[in-house]
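Student: Sequence:
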Amino acid sequence: SKHLIVHCVPPGSHSLSANMIQFAGSYKHEKDDNFEAILNKQGFNFVLRKMLGSVHPSVEITVDGKKWTIVTTIPIKSVTHEFIIDEEIELESPDGKKQKVIFTLEGNTLTQKQLGDKKDTIVERRFAEDGIHMKITHIPSGTVGTRYFKRVL
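Sequential numbering of the sequence shown, starting at 4, is according to our numbering.
Please note that the accuracy of each hint is not assured.
[Stated by the list, open to error] Restricting the straight-line Cα-Cα distance to at most 27 Å, the calculated cross-link-like pairs of lysine-lysine (BS3-like) are:
no., residue 1, residue 2
1, Lys138, Lys70
2, Lys80, Lys70
3, Lys138, Lys44
4, Lys70, Lys103
5, Lys44, Lys122
6, Lys122, Lys100
7, Lys116, Lys138
[What the hints assert, rightly or not] Simulated DEER-style distance windows between Cβ atoms:
no., residue 1, residue 2, range
8, Glu132, Asn43, 28 to 36 Å
9, Lys34, Leu156, 30 to 38 Å
10, Leu94, Gly28, 16 to 24 Å
11, Asn48, Lys80, 15 to 23 Å
12, Asn48, Leu156, 31 to 39 Å
13, Ser96, Ser61, 27 to 35 Å
Hint data in this document are derived by calculation from the structure and do not stem from the laboratory. Predicted model, so just to flag it, every value in this text is computed and none were measured. Beta carbons: idealized from backbone N, C-alpha and C, even for Gly.
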């Protein structure tokens, strides 16, 4: 006999295939592509650019439904972002400025957009089996940089 399996998805939720990617886990920074140019466009001074470009952060991600926690650790400090998908929150940037952002999830890509008057950067974290490709776009200049993180757990 033949069986028909129907997967019902409530409106606004994500498809089955999107859930096949494991978002939660531990990741280690591997390399950058054009990252310092992004920091330069964002107005970071030379010393801060060199420091941020030379460290290899580790990233710990936990996911509980629509609630995410991303902990990024570098030798001198760790930064925790707790957020709910599609809900506006306030984050502190690496230079200490407060900014309103929203995180959205589409397929295997977590997008972080700035809100308010300073919409100059979009961060897209694309998850794959082996890690994360974090594409950072500086909107006013069109400059794009990518940070690569390898899954370690």
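Student: Where does the structure disagree with the numbered hints, that is, which hint numbers, in rising order?
Tutor: Numbers 9 and 13, in rising order.
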